[in-house]
Structure formats: C-alpha cells, structure tokens
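Visitor: Here is what each chain is made of, one letter per residue.
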Amino acid sequence: MKKLTLAAIVGFGLMSGSALAASAWTGGDDQPTNPLSCDATPAAAAAKPYDGGVPTNAPDRNGKKITVVDVPKLIGIGYFNATSKGIADAAAELGNVDAKTDGPTKANIDEQITFIDNYITSGVDGILFAANDPVAIAPVLKKALEKGINVVGYDANSTPDARQWFVNQAEFNGIAKSLVDSMAAEVGGEGGVAIVTSTFTTPNQARWIAEMAAYAEKCHPKLKWLETVEAQEDNNLSFNQATTLINKYGDDLKGIFGMTSVATPASAEAVTQANKCGSIAVVGLATPNAMKPYVEKGCVKSVVLWNPVDLGYAAMMVLRSVADGTLQPGATSVKAGKLGDLQVINGSEILLGAPYVFNKDNIGQFDF
Amino acid sequence: MTAARLLRHETILAVLTIIALAVLASMSDKFFTPENLLNQGRLMAEVGLVALAMTFVIVTGGIDLSVGSILGLTAILLGVFWKNLGLPLPAAILLAVICGTFAGWINGFIITRFNVPPLIATLATLALYRGLAEGISEARSVRGYPEWFFFFGQGEILGVPFQLWLLGIAVVISGVILGLTPFGRATYAIGANETAARFSGIRVNSTKLWIYTAAGFCSALAAVIFVSRVTTTRSDMGTGLELDVITGVVLGGTSIFGGRGTIIGTVLGLVLIQALKNGLALSGVKGDGTIVVIGLVLIGAILVGALFDRNRGG
Amino acid sequence: MMAIAASPGRTNLQRFLSGYGQEIVVLLSIVALFVVVGAINPRFLSNTNINSIFAGNAYIAIAAIGMSMIIIAGHIDVSVGALIGVIATIAGTLAVNGYPIWMAWTVPILFAVAVNAGVGALVAYTRIPSIVVTLGMLSILKGGLISITAGKWITNMPPEFMIAQMRPFGIPSAVYFMVALTIIAALFMRYTDFGRAIYAVGGNIEAARAAGINPERTVVGVFALHGLFAGIAGILFATQLQVIQSTVPPNLELTVITASVIGGVSILGGTGTVIGSTLAAILFACIGSALIFLNVSAYWLRAVLGLMILATVLADMARRRRAT
Chain A
17 MKKLTLAAIV GFGLMSGSAL AASAWTGGDD QPTNPLSCDA TPAAAAAKPY
67 DGGVPTNAPD RNGKKITVVD VPKLIGIGYF NATSKGIADA AAELGNVDAK
117 TDGPTKANID EQITFIDNYI TSGVDGILFA ANDPVAIAPV LKKALEKGIN
167 VVGYDANSTP DARQWFVNQA EFNGIAKSLV DSMAAEVGGE GGVAIVTSTF
217 TTPNQARWIA EMAAYAEKCH PKLKWLETVE AQEDNNLSFN QATTLINKYG
267 DDLKGIFGMT SVATPASAEA VTQANKCGSI AVVGLATPNA MKPYVEKGCV
317 KSVVLWNPVD LGYAAMMVLR SVADGTLQPG ATSVKAGKLG DLQVINGSEI
367 LLGAPYVFNK DNIGQFDF
Chain B
16 MTAARLLRHE TILAVLTIIA LAVLASMSDK FFTPENLLNQ GRLMAEVGLV
66 ALAMTFVIVT GGIDLSVGSI LGLTAILLGV FWKNLGLPLP AAILLAVICG
116 TFAGWINGFI ITRFNVPPLI ATLATLALYR GLAEGISEAR SVRGYPEWFF
166 FFGQGEILGV PFQLWLLGIA VVISGVILGL TPFGRATYAI GANETAARFS
216 GIRVNSTKLW IYTAAGFCSA LAAVIFVSRV TTTRSDMGTG LELDVITGVV
266 LGGTSIFGGR GTIIGTVLGL VLIQALKNGL ALSGVKGDGT IVVIGLVLIG
316 AILVGALFDR NRGG
Chain C
126 MMAIAASPGR TNLQRFLSGY GQEIVVLLSI VALFVVVGAI NPRFLSNTNI
176 NSIFAGNAYI AIAAIGMSMI IIAGHIDVSV GALIGVIATI AGTLAVNGYP
226 IWMAWTVPIL FAVAVNAGVG ALVAYTRIPS IVVTLGMLSI LKGGLISITA
276 GKWITNMPPE FMIAQMRPFG IPSAVYFMVA LTIIAALFMR YTDFGRAIYA
326 VGGNIEAARA AGINPERTVV GVFALHGLFA GIAGILFATQ LQVIQSTVPP
376 NLELTVITAS VIGGVSILGG TGTVIGSTLA AILFACIGSA LIFLNVSAYW
426 LRAVLGLMIL ATVLADMARR RRAT
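Those sequence lines, one after another, are chains A, B and C.
Quick note: the first sequence uses the working numbering, first residue 17, plus one each step.
Quick note: the second sequence uses the working numbering, first residue 16, plus one each step.
Quick note: the third sequence uses the working numbering, first residue 126, plus one each step.
It is possible that part of the hints are untrue.
Said to hold, decoys possible - Quick list of in silico lysine-lysine cross-link-like pairs, DSS-like style, CA-CA up to 25 Å:
| # | chain 1 | residue 1 | chain 2 | residue 2 |
| --- | --- | --- | --- | --- |
| 1 | B | Lys301 | A | Lys101 |
| 2 | A | Lys116 | A | Lys81 |
| 3 | A | Lys317 | A | Lys292 |
| 4 | A | Lys313 | C | Lys277 |
| 5 | A | Lys81 | A | Lys101 |
| 6 | A | Lys354 | A | Lys80 |
| 7 | A | Lys80 | A | Lys101 |
| 8 | B | Lys45 | A | Lys163 |
| 9 | B | Lys45 | A | Lys158 |
| 10 | C | Lys277 | A | Lys376 |
| 11 | A | Lys101 | C | Lys277 |
| 12 | A | Lys80 | B | Lys45 |
| 13 | B | Lys301 | A | Lys163 |
| 14 | A | Lys80 | A | Lys158 |
| 15 | A | Lys376 | A | Lys313 |
| 16 | A | Lys116 | C | Lys277 |
| 17 | A | Lys116 | A | Lys101 |
| 18 | A | Lys116 | A | Lys354 |
FYI, nobody ran anything at the bench for these hints, they're computed from the structure.
Turn these sequences into a full structure, and let the hints guide you.
Guide: Here it is in structure tokens:
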C-alpha cells in the first residue's frame, strides 16, 4: 500500500512537474486570444455582418403579450438570481411579457437541454438562455428557431447561428484587461499570482483565463502565474483550495484571482483567516454584497463585475424588441429601456458596457 | 419465486404510470402528443440504455457507480481518437466503445478477482475514469463532427428517433436474456444467494464479469448517442448519471439486495420518471418542484409495493 | 475482523493488528504522505497548513462517523450532503434573524435528528431499502431547499455564531470537535449495549433478534444518531465561512461514504470502526492538499485521487486475504 501510494505520488508529481513547465496558464481554452492594448485605447471595432439565426415563420408578435422562459446555466446561485430579477423587472416594466426563470440545479448541459426542450413543447414565444456549453446547446436552440420562437442569449453564448442575438456583458479581453490591470496595480507590477476557478470545462472562465494569460504576457510580463485550481461553485471547497495555495507558496504568492462569484469571496475569506490581508491581493469577479465585508475592511481593493441585474434587464428588452420586429439584422444599436441605447458588436452581439470596477468608495451603493 | 410474485411490483407500477400519464395529459394538452412522446423517448435513451445493464448489476446484488464516468471517458476518447490521433470517425467510435467496455471489464475484474465490494470498487473507478477523462482532454472540448455522425443522436427512422429503436432492441434483448435464458437464471441465483449459487455449479465470477462489462458497453453506447445528440464532447458529460439510473431501476422494483427485478419494471420506472419530468414542466411546475415530486414518488411507490407485499403475507 | 471477535491464543499485538488493520494502513498512509510531501516541500508541514487541512475538513470526518454507524448497521444514506446543506441554511437563517445563538446551533441539529429518525423509521418498519428512502430524501431536501431559498446567500452572521472559526489555545475548534466526537463515538460503539447492538444488527439481523435486540428500534436509533453527527457537521460547515450558500454542497455524500468505506467499514455491515473513518477523512484531506503541493497537473488531479482510492482498497483486500 505504502509503496503503491508513494509510487503514485512520486510518479505523477514528476510527470506533471515536467509537463507544467512548458504549458500556458492552466484552465485557459485553446481558442485564439485578442489582448487589448496596454493603455486605455479602445480596440477598433471591425464591422461584421449579422451572423445570428432567424426563426422560421415566426408569428407577428408586435405589441402582443408574449410568454418568455429564462433558462440560466443553473438556478439557486446569487449571480443568476440577479439576472432573473433583472428579467422580471424588465417584464414588469414592459407590461406585455409573462416571464419566468426555470433551470437545472447544477450546471449540467444535458439537464439544461431538457429544460429548453420541454419549454419549446409547451409553446413559449421567447427563450432567454445562458449556455453551459456553446455547441451542446445549439441543436435544441435551432429547434426553437425552427418552431418560430425568438431566442436571445445572455452571459454565456451559443454558436451564433443557434440564436438571434446575444447580450454580451463585457468582452472577454475587456474583463481580462480589467482583472490583470487591477492585480498589477495592487501587487506593484510583479510577483506570483494564482487562480481559483470553477471548473476547467466552464467556457466563460476558460476564455477569461486564456485572455488574461495573453494580456499579462503582453502588458505585465513580471506577473508570474503560479497555478490554477478548480473549486466547482462550492464555497467551502474554494476556501480550502485558496488556503492551500496560501500555505504552499507562502511569501511567493502576491495575489489570487477569483474567477467566479463564489471563488472570489471564498479566496478573500481565506486570505483574511490566514492574516494575510495587505500582503496577498484578491482580485476577481464577484457580486458586491458578498464582497462588502472584505472591501470595507480593506482586505480587497477592487472587484470586477458588470451589473447582472442590468444584464438580465437588457436581455429581456432585447427579446421584446426582436419579437416586436424593431430589432432587425444589420442594426447598429438597440434601445434597452432605462439603459438607453446599447451598441451592436461582432455581428449579432449587444454590448452591455465596459466591466465595472467596484471599490471601497462605491460598493455601498449596490445591492445585489 | 412465481411469475405472479415477481410481477406484483410491476403491476402496481404500471397502474401508477397509467394514472400519472392520464393526470399529466389532463393537465397539459401538449403532453400526450406523438411528437412530444417520441421526443421524450429520445431524451431518455441514454439513461435507459445504462439502466438496462444496471438492472442486471443490481439483480446480482451489486451496484455500478462508475457508469457516468465511463460515459464521460468514452466521449472524450471518441473525440481524442478522431481529432488528435486523426483516426477516421467510425474507427474512433469503435475504439472508444471498446475502451468504455474495457473500463466496465476492469470494474468486473476488480470485483471478482480481488473480492472488492462493488460499491467500493466503482466508487474508486468513478473518480478514476472521470479523472482520466479530465486529464486526457485537459478539459478541452472536441467539436466540429461531420454531419452524418449526428444521425445517431438526432436522426429518425420511420419517424421514430434512432436511439429509441436502439433502446427498444436493447430492451427486448436484455428482457429475453434476464427472463428466459440460463444466464438470466444465474443472475437471479447470484443475487439471491451467492454462496449457494457457487455450490450449485453456477460460474459466479464469469457471470458477474460479463455483467459489469455489459454495463461498460451500454455506458459507452450511451456516450456515442449523447455526443451525437449534443454535437460536442466534454469531460464532464454524464456527471450524476449513476443516480438517475439507479433511481429508475429501484423505482422499477429491482431489489437493491439482489435476487429480484425485471426489465419491464425498469422500463416502467424510467417511463414514469421521464413522464413526470416532462409532464410537470409542461403543466407549469418548475424544476425544483419536479425534483421533490420524483423523490416522493420514489419513496411512495416502493412503500406501496412493500405494504402490498406484507398484506399478502409476503 | 472486529477486535471483540478476536480469538484467544494470539498475542495482544496480533489481536490489535487484526482488529485495527485497516485503521493502521490508513494511519501509515497519512504518515507516509506527510514524510514524502514534507520532504519535497517543507511548507506542507507548517503549522498553518496542518491546521487548515484538519479544520477545513473536520465536518467531513464528523459526518463520516455517523455514516460509519449507518453502514455498520447494514444501511446507507445518500442524502447526507443535502441534509448538511439544509442544516447550514436553517442555522444561518436563525442566526441572522436575531434568534439566540444557542438556538441557531441546536434547532438545526434537532431538526436533523428528527428527519433522520423519520428516515430510520421508514427503513426499519416498512423494510424499504435505505438507499431508496435516502435517494428519495436527497431529491426532496435538494429540491425543497432551492424552492424555498432560491439559493439566496446568507451573510452578516453575528461573530459569536461562528463556532468553527473560534480557536481555543490556537487550534481551530472544529479539530476539537472532530477528535472528541471520534473518541466518544468509538467508546460508545465499543462499550455500550446500543453500540454493540448496531454491530449485531448489521452482522446478522435474525441472530441479533434472537439475542434479545430489537432491530427496528436499533435502526431508528442509529439513524437518529447519524442525524446528530450530520447536524454537528452541518453547524461547523455553516460557521466556517462568512457566507452560507443555501444550496446542497456538490458530491458531499460521495466524499463522506468514501471516507467511511476506505476507513475499513464493510459495506456489507457488521464490521468497521469510527476511528478508521475519521482517519480516512483526514487522509483524503491530506491527499487533496498534497496533490497541490506536489504540483500534480490540475487536469490529472482527480485521476490520481481515483488511483489512490483504488490502491487503498486493493491493499486492504490483500491484507485481509493474508489475515485469513
């Protein structure tokens, strides 16, 4: 037994040690990256023709009451509760939309597909979704389009031709720039950083990590990536993983990136309980309410996020415009209620805005 | 054990299923349409295939928790063989299915050769196979399969989904094997009393080895259909499948202690769960409510069966 | 396999080894892990790291004590993870709504005892297999929790509620709980009539009945006890961090069951000890941490974990074969 265990530990340790040396940041995907410039110059937006799908024989829904279902990646987490609230707010404001949120209790591609399939059968007019996998969800969304249902995504995209529009909270490279710039500012431009993510198969997180790696290499080459750990969407596991990182690297660890709204507060908690506030920076994506205690104590200086309530709100508004026929392929902007005009990018995506950086001065103003 | 006694739970379950179907049909006019029912058949094919093999496993008094991980591993291997090794897709499918079947054989080998209780052996391989899938794929998806491959998961023959034909054939074959052949009788005998079975000349180990290998094979087939249905490969495919499968099988009246259970029961159990999931969704019940109902139905159905047994002096 | 069944004529050492063989294997594995990993990266042996390994996973060890009793009695509970999620949510809700702290601690535990006593009664008196009842409970608790809370996070809990964060004499309180509960449970299983009844019922229910034990009452009792341990585990789980997620912790039941069976509890019932399950829970926690310290590629982490579980199981089987 001992021999077996030892052999396994040593063997895998050596094997992976050598494998790690050459590879990029663990947890990124292998899609091409497009890092932004190091200063604040905005990227030149290349005009691209509409590449979304079109529903077949959609009935005229202009101004009529429609039923809409929202199927997020999973239900029962703070982030999607917030988007769901935004959707409900928009539906209430519009007055002619009957919207509800339903979905799987864990981020599971198969269950999400089944939910959407059932709602197609039940005859909804519109579907809002946040995809667990961009490709896996495509067949069932195409089926919805074939049945004349309006389909709009938010938060996590599908392949473009499987939906009409996608409301993009912030571009991947924009998020990556915000996160890495914030981290670089806090650790003084150099030092070891580690990442706590959900799972390596989560598309958004994998994309962000890949973009972060590219941007850091370009603009902050002295930031040294140490390691990425998986922690599901689980508070206690995230805390344990972050604590292990702190114990492992000691003073070599200058910062932790939290890639989910669960991982970031748990990492901040780990830093707090290890009495490392001030010597290990935590930067990440998180909702303000969960981060308030750490930001107010000064343990965390900046939290990056868009407003998920606005994201849900915008998605609902876009769906209504599509159903009314006021948002047509080729449009360059869309009116989204109280959010004003939102810009169309990448052919069939609607940009919510730049990612927002919360800090001690403004975090008290947000409640979600 | 007479046929009547064997079928008692199945009769109750059949009545329950019919009542459920009737109630659900009255709650939503979209439920009892051929289109919806065929579509539901498509969605339950993967769980169904695995559940058939799991019925054999549980009848022997064993369990296989690694089926979901085998599904994930097979899916990843299919993608890796095709994309990274550049094999022609049919060869990649065949090789991946062989690997999945081999994974099942390893389960059986550990269980029979080293006398490890099935729950523990498959608990270990649950982690191992999922870990291999993650490691081999490095969590990358494989996409871009050719159009013809989607036939297995999305195509139809005579208006009926391909995988439903496959499931139907598998139901008939497994039903015949379990109900009518010496192999089936050996399966029951092992579950009823393994020592006695050994003494009466039944080749216990080879029977079990075949059964766990078959579980691997069914999980591998389910993986091919799943990949074809969702057009992509991910290492987290099939996570939690084991609980869905086991729920269907035990709802179908297969005794977790072994020795009792039928394919008909398993099919009824699967149909009831799928009908509840779909029918409740169509009549406006949300997903979390549906989970609660399925839990209640599971306990309720087995409770009714147990009480019925007792009243008959069983 | 149990010490109580040891035959006369063997030396005390032999009897001890055969009684606690699996526990010793697990203990040696832990020691070996510390030696090897500590040699490669001395930070693994730092006080803080050892404290975090123990404190961060004590709730798993405590839940595994109750699970071991259930398995020794010949049953299983796959709903324990969901139950811990529910307990944590109830405790947090009470704490933030101004109820006295002692109520926030005890009410959820009593709830867990009541729920599991109910499960035990169903299992004992209707003879429905425990896996069926607890599979059903898993669905009911999980779906019910999300329906009621919608996964709303509980924050701003009063500091005096956070029992797992207290550190008497510099050691996290969760560690005291783990050690004390393991010792109490071990003594209880070994020296009380009820403890021995649990072994008897799991070993051979008819023989137990013939010996004057009421198996039904024993099963209800052991499920209630399991509820008590799950309840305490849930409170520690809830008070470890500033946030309670109000959801079911993913795969927790598998971790707990694995700890029990790797610790030497026979899934067939009748044998095993709670010391073994606690050691196994610690071993898992150490492996999880060690793999990160050893720079095992994160992609291969779970495969290594699976291999190690398999190695432990096969080593145990080899040991048993040699012993018989």
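Visitor: Tell me, in ascending order, the numbers of any earlier hints that this structure violates.
Guide: none
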